[in-house]
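Quick note: the sequence shown uses the numbering used here, first residue 2, plus one each step.
Check before you lean on any hint, since a few could be wrong.
[Unchecked claim] Per label pair, the in silico range of CB-to-CB distance:
#1 36 to 60: 32 to 42 Å
#2 57 to 25: 18 to 28 Å
#3 89 to 61: 28 to 38 Å
#4 58 to 89: 31 to 41 Å
#5 87 to 28: 16 to 26 Å
#6 59 to 84: 28 to 38 Å
Derived from the structure by calculation, the hints contain no laboratory data. No residue lacks a Cβ here, since even glycine has one placed at the ideal position from N, Cα and C.
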Amino acid sequence: MKIINLLFLLWCLTSYTTVLKLYKETEHFQVFCLPIDNPVADKILQKQDGLFQQLSHDFKHYYDGKIIISIYPDLESFHKTISWPDATDWVIGKTTSTERIIVSPRNPGPAHSYDSVMKAQANGLVHFLLPININGINYHVGLFRELVYIKHIFF
């Protein structure tokens with residue numbers, strides 16, 4: 002039994018992922034990040050709160066829970082967290098039914114800039130709030146709705 006416990010401990014140590022702490026909570030969001038990303042988290046929250054209100058109003062779709070935003074400090078820790086360690090550098094965000102997982106705009110990797118990561122947050126929130134319902138299953142991929150909405154906002 003001790004050998005199994007030791008092997009489990011070794012596995013845990015080699016599978017280490019970045020541990021984020023709750024930084025801030027608003028009416029609709031909880032943000033988890035490392036202290037170095039607190040200023041970035043504030044900017045993301047500001048944009049997300051405004052967009053949340055606009056999306057809720059425009060689509061008459063209201064989300065009662067709190068959306069978790071987890072900001073990882075770099076691509077390596079982000080890709081490891083989403084269980085895709087060899088993902089391309091373009092992959093900077095993931096949406097689940099409860100959470101937005103993103104790489105920090107402060108350190109976006111070679112394929113993105115601070116601004117491109119910040120703009121991608123609108124995309125991610127649309128994915129989260131406007132799932133497509135197929136046969137009673139909500140798929141958080143709102144692509145069609147997202148394209149229509151982004152055209153509505155930016156063009």
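Hints, verified against the model:
{"no.": "1", "hint": "36 to 60: 32 to 42 Å", "verdict": "35 Å, holds"}
{"no.": "2", "hint": "57 to 25: 18 to 28 Å", "verdict": "20 Å, holds"}
{"no.": "3", "hint": "89 to 61: 28 to 38 Å", "verdict": "36 Å, holds"}
{"no.": "4", "hint": "58 to 89: 31 to 41 Å", "verdict": "35 Å, holds"}
{"no.": "5", "hint": "87 to 28: 16 to 26 Å", "verdict": "38 Å, violated"}
{"no.": "6", "hint": "59 to 84: 28 to 38 Å", "verdict": "34 Å, holds"}
The structure does not agree with numbered hint 5 stated previously, though it agrees with all others.
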